[in-house]
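Colleague: The whole structure should be built from the sequences, with the hints applied where relevant.
Protein chains: 2
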Amino acid sequence: MALPVETFFLHPDAQGTLQQQIQQMIAQGILTGRFGTGEKLPSTRSLARHLGISRITVTIAYTELLANDYLTSKGRSGYYVSENAPAPPQFSPAADTPDAVDWTRAIGQRFSGGVTPVKPQNWGKYRYPFIYGQADPTLFDHANWRLCALQALGQRDFTTLTTDYYDQDDPKLIEFIARHSLPRRGISARPEQILITLGAQNALWLTAQVLLTQRRRAALEDPCYPALRDILTQSRCHVSPVQVDHEGLIPDAIPDDTDVIFTTPSHQCPTTATMPMQRRRALLERARALDALIVEDDYEFEMSFLKSPSPSLKSLDQDGRVIYVGSFSKSLFPGLRLGYLVGSEPFIREARALRASVLRHPPGHIQRTAAYFLSLGHYDALVRRMSNALHGRRTVMEDAIKANDLQIAGRGAYGGSSFWMQAPDHVRTEDLAVRLRAKSVLIEPGAPFFNGNAPPQNYYRLAYSSIPSTQIAAGIAHIAQEIHDMG
Amino acid sequence: MALPVETFFLHPDAQGTLQQQIQQMIAQGILTGRFGTGEKLPSTRSLARHLGISRITVTIAYTELLANDYLTSKGRSGYYVSENAPAPPQFSPAADTPDAVDWTRAIGQRFSGGVTPVKPQNWGKYRYPFIYGQADPTLFDHANWRLCALQALGQRDFTTLTTDYYDQDDPKLIEFIARHSLPRRGISARPEQILITLGAQNALWLTAQVLLTQRRRAALEDPCYPALRDILTQSRCHVSPVQVDHEGLIPDAIPDDTDVIFTTPSHQCPTTATMPMQRRRALLERARALDALIVEDDYEFEMSFLKSPSPSLKSLDQDGRVIYVGSFSKSLFPGLRLGYLVGSEPFIREARALRASVLRHPPGHIQRTAAYFLSLGHYDALVRRMSNALHGRRTVMEDAIKANDLQIAGRGAYGGSSFWMQAPDHVRTEDLAVRLRAKSVLIEPGAPFFNGNAPPQNYYRLAYSSIPSTQIAAGIAHIAQEIHDMG
Numbered sequence: 001m002a003l004p005v006e007t008f009f010l011h012p013d014a015q016g017t018l019q020q021q022i023q024q025m026i027a028q029g030i031l032t033g034r035f036g037t038g039e040k041l042p043s044t045r046s047l048a049r050h051l052g053i054s055r056i057t058v059t060i061a062y063t064e065l066l067a068n069d070y071l072t073s074k075g076r077s078g079y080y081v082s083e084n085a086p087a088p089p090q091f092s093p094a095a096d097t098p099d100a101v102d103w104t105r106a107i108g109q110r111f112s113g114g115v116t117p118v119k120p121q122n123w124g125k126y127r128y129p130f131i132y133g134q135a136d137p138t139l140f141d142h143a144n145w146r147l148c149a150l151q152a153l154g155q156r157d158f159t160t161l162t163t164d165y166y167d168q169d170d171p172k173l174i175e176f177i178a179r180h181s182l183p184r185r186g187i188s189a190r191p192e193q194i195l196i197t198l199g200a201q202n203a204l205w206l207t208a209q210v211l212l213t214q215r216r217r218a219a220l221e222d223p224c225y226p227a228l229r230d231i232l233t234q235s236r237c238h239v240s241p242v243q244v245d246h247e248g249l250i251p252d253a254i255p256d257d258t259d260v261i262f263t264t265p266s267h268q269c270p271t272t273a274t275m276p277m278q279r280r281r282a283l284l285e286r287a288r289a290l291d292a293l294i295v296e297d298d299y300e301f302e303m304s305f306l307k308s309p310s311p312s313l314k315s316l317d318q319d320g321r322v323i324y325v326g327s328f329s330k331s332l333f334p335g336l337r338l339g340y341l342v343g344s345e346p347f348i349r350e351a352r353a354l355r356a357s358v359l360r361h362p363p364g365h366i367q368r369t370a371a372y373f374l375s376l377g378h379y380d381a382l383v384r385r386m387s388n389a390l391h392g393r394r395t396v397m398e399d400a401i402k403a404n405d406l407q408i409a410g411r412g413a414y415g416g417s418s419f420w421m422q423a424p425d426h427v428r429t430e431d432l433a434v435r436l437r438a439k440s441v442l443i444e445p446g447a448p449f450f451n452g453n454a455p456p457q458n459y460y461r462l463a464y465s466s467i468p469s470t471q472i473a474a475g476i477a478h479i480a481q482e483i484h485d486m487g
Numbered sequence: 001m002a003l004p005v006e007t008f009f010l011h012p013d014a015q016g017t018l019q020q021q022i023q024q025m026i027a028q029g030i031l032t033g034r035f036g037t038g039e040k041l042p043s044t045r046s047l048a049r050h051l052g053i054s055r056i057t058v059t060i061a062y063t064e065l066l067a068n069d070y071l072t073s074k075g076r077s078g079y080y081v082s083e084n085a086p087a088p089p090q091f092s093p094a095a096d097t098p099d100a101v102d103w104t105r106a107i108g109q110r111f112s113g114g115v116t117p118v119k120p121q122n123w124g125k126y127r128y129p130f131i132y133g134q135a136d137p138t139l140f141d142h143a144n145w146r147l148c149a150l151q152a153l154g155q156r157d158f159t160t161l162t163t164d165y166y167d168q169d170d171p172k173l174i175e176f177i178a179r180h181s182l183p184r185r186g187i188s189a190r191p192e193q194i195l196i197t198l199g200a201q202n203a204l205w206l207t208a209q210v211l212l213t214q215r216r217r218a219a220l221e222d223p224c225y226p227a228l229r230d231i232l233t234q235s236r237c238h239v240s241p242v243q244v245d246h247e248g249l250i251p252d253a254i255p256d257d258t259d260v261i262f263t264t265p266s267h268q269c270p271t272t273a274t275m276p277m278q279r280r281r282a283l284l285e286r287a288r289a290l291d292a293l294i295v296e297d298d299y300e301f302e303m304s305f306l307k308s309p310s311p312s313l314k315s316l317d318q319d320g321r322v323i324y325v326g327s328f329s330k331s332l333f334p335g336l337r338l339g340y341l342v343g344s345e346p347f348i349r350e351a352r353a354l355r356a357s358v359l360r361h362p363p364g365h366i367q368r369t370a371a372y373f374l375s376l377g378h379y380d381a382l383v384r385r386m387s388n389a390l391h392g393r394r395t396v397m398e399d400a401i402k403a404n405d406l407q408i409a410g411r412g413a414y415g416g417s418s419f420w421m422q423a424p425d426h427v428r429t430e431d432l433a434v435r436l437r438a439k440s441v442l443i444e445p446g447a448p449f450f451n452g453n454a455p456p457q458n459y460y461r462l463a464y465s466s467i468p469s470t471q472i473a474a475g476i477a478h479i480a481q482e483i484h485d486m487g
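First to last, the protein sequences are chains A and B. Per the UniProt record's numbering: the first sequence = residues 1 to 487. Per the UniProt record's numbering: the second sequence = residues 1 to 487.
By construction, these hints were calculated from the structure, which means they are not laboratory data. Quick caveat: nothing in here was measured; it's all calculated off a predicted structure. Just so you know, even glycine gets a beta-carbon here, dropped at the ideal spot from N, CA and C. There could be a bad hint or two in this list.
As the list claims (entries may be wrong) - Dumping the calculated DSSO-like pairs for lysine-lysine here, alpha-carbon to alpha-carbon at most 27 Å:
| # | chain 1 | residue 1 | chain 2 | residue 2 |
| --- | --- | --- | --- | --- |
| 1 | A | K119 | B | K172 |
| 2 | A | K172 | B | K125 |
| 3 | A | K439 | A | K402 |
| 4 | B | K119 | A | K172 |
| 5 | B | K172 | B | K307 |
| 6 | A | K125 | B | K439 |
What the hints assert, rightly or not - Listed next, the stretches of chain A that the computed footprint assigns to chain B, with coverage defined by at least 3 CB atoms under 8 Å from CB atoms of chain B:
| # | region |
| --- | --- |
| 7 | 18-25 |
| 8 | 342-350 |
Modeller: Here it is as structure tokens:
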């Protein structure tokens, strides 16, 4: 039987080259059983004419499918579905009946219902995206990343790409972090003191599991990164929210029975406060007095374009008391899922064993690509380019905020990529965000950052990491107008 | 000051092109502070002569470093370390003093000390690697994987590459699994019933966390996959080892108070037993009688080259009782870290929330690359090629095992990639493995697969997924000889 040419059509939203679309169309027809073994494909000429594309494109697609054994050719008579083509499913799928399982009982532990807000995936479609933490396509060094990824896909790196490392990491990436990234933060660490993680999120999660139990107490900043609150809630430890001021976490406010202190000294999340040296020393003193550990999330230290970053807490730590969390998510891109933990060996050993049980190791290809990108100097060039751009945007932001009489509640002393903003008391920023969306403006309401059941409702975060300079003034004006209209 | 040309040398073990090595050498000199701002680099001519390489190579490396702002050029006078180059560390790293922290007390939960054996990373250097679960470079379709990865790195996929998906996955990969992979196992699932995981390991871990507590009981096969035992030990649930025979798990041996049953019906790990249809139905009956859930690890179903694979348990399940674990680690490569969970929506919802807290999502680039590789038909072609190769090797294995009078304790009815072997009672296969290593033969001792404190010592696993056919006979002969010598 010949397959009628009419069953083939190009999907208007399809991605990939025309050749790939044809390959996919035929492979999927075979895999779903719509095209049977021995059935004859339309000739390259007729399919090309039907789809309105070049015949050579169809011929190349057919040749690929021949090579992959989906098709056979019988001399000049044409192309047929191969006998060796993968067989369609032999069993009819079961119908979708209601479960006999009582899931309320069957689920032993619940993890849904956290407080981490979900941001719109299509933020790029908004005209004024004051959104935090997504990669800006105009700043990212896509070309060199691609080259490094390609190199990491080469024959020479076959083992790195494919191997099961069990609990280990790519030695090249570890070496670069130890020899180049950490010295810049004043940290000296041996490879056994470093663990690669799936982003800072994974680093914080692993740390919480190893250090906290139901009988221990964690102190965390209030307001803070909401996903950290979810992690601590799931670990079922006691949690003490500790106030922050314009210098970050207040050491004296940390309760006496605290075991682990989570802090973001470079740019407090979300107020962006930078902790001065004196406060850093006081925090270390307080931790020593309590015999507590400190987990230092050093995110965004690279974005210190106003002044050089302060030494990390870890670099001031003589006791092995500080566990350091680094991340490439902000400086490269969050979809990379690559961060690292630095700490004393007994701690890293447990975190490594847990990571091996949870997921083995971050994919080898990702680790090697990052190692190349870092070691060839592209990373530093990228950070400098991003810092320059953020510096420029920040100035435009400040001018626009001033011109529109909006109120800044917190700003990083050294840089960063956002302002923490305060609207008048009567403005619920959740409502403000909804109203602004309709005007193609994205802002982040502040309430989810706060602990407790009655968070302040009038804060919001304005990031400038993804919005072009030219859009800032108009975006800020929209915000001011909307706040005015809510007055 | 001019940097003397003598400070430059090419490391004999260095990877990458010469141009990249020069770039790296200079970037690292600057980053570590060895080369200071304004210092003059050797001329391209003298550096090329010194290193014995082409001048154009040096020129291109310098030009790259110019573009990245590591170097500046002053007309014809040469290249200098740029003022804009990244600064070396400003703080001297703290010396490595003993910790003041008492880690015995500070660590709340221990995860080290598991039973999962670590395999040699350099297995490729062994002449007779009867090693399990690593990618065979001679079988993997490296060229097409590279092409798909490259496509997934394109501008069009920038968002997929870089974005923070929060708790979501690449819709293209989910769609392919739902429409093409699962129907082949007789499974029909909606996107909300599928979760992408970092390999099967991560899928099993997530499942254990959601379903098990300290008050619940898991039944697992004895012998079984050691990493699953580690996962269950860490979850602190009650664990019942259940005997397997040549048809896999024995349903009647599952204790009455079991909540969750873990099983590997396609190829029991490690005995490779294939569960027949009748046994599958009996297992489902037993689970229903207990109102227990079943976690079906369907690894290696693709390698059913002797007969078509049996329908999955999940395809026979009318109750929503079966949670299905799929993996691309065996059929693609383990370093990919990509698998998936299929189950009822209430279960997947909790697993998704937990995954988001632990690691957010598997890297976007990996997901999209796999989606392309699958949808273009390369995956099916690869599986067919691997199946053919494994079929051939298995025949050679069987002949050699017979010729050398070794004893097979378990073999997959439909295929697989290993034999489960039994040595004479007095042979400790841990010792056998050590002795064989000296002869460049790698085997896997069987004891870690068993539960309990007194595992049988005389079993071992022989995999043929990474050893060329031509090496098999000699390798088996070495094993027979060594067993004889231990007699």
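Colleague: Which of the listed hints are not met by the structure?
Modeller: 5, 6
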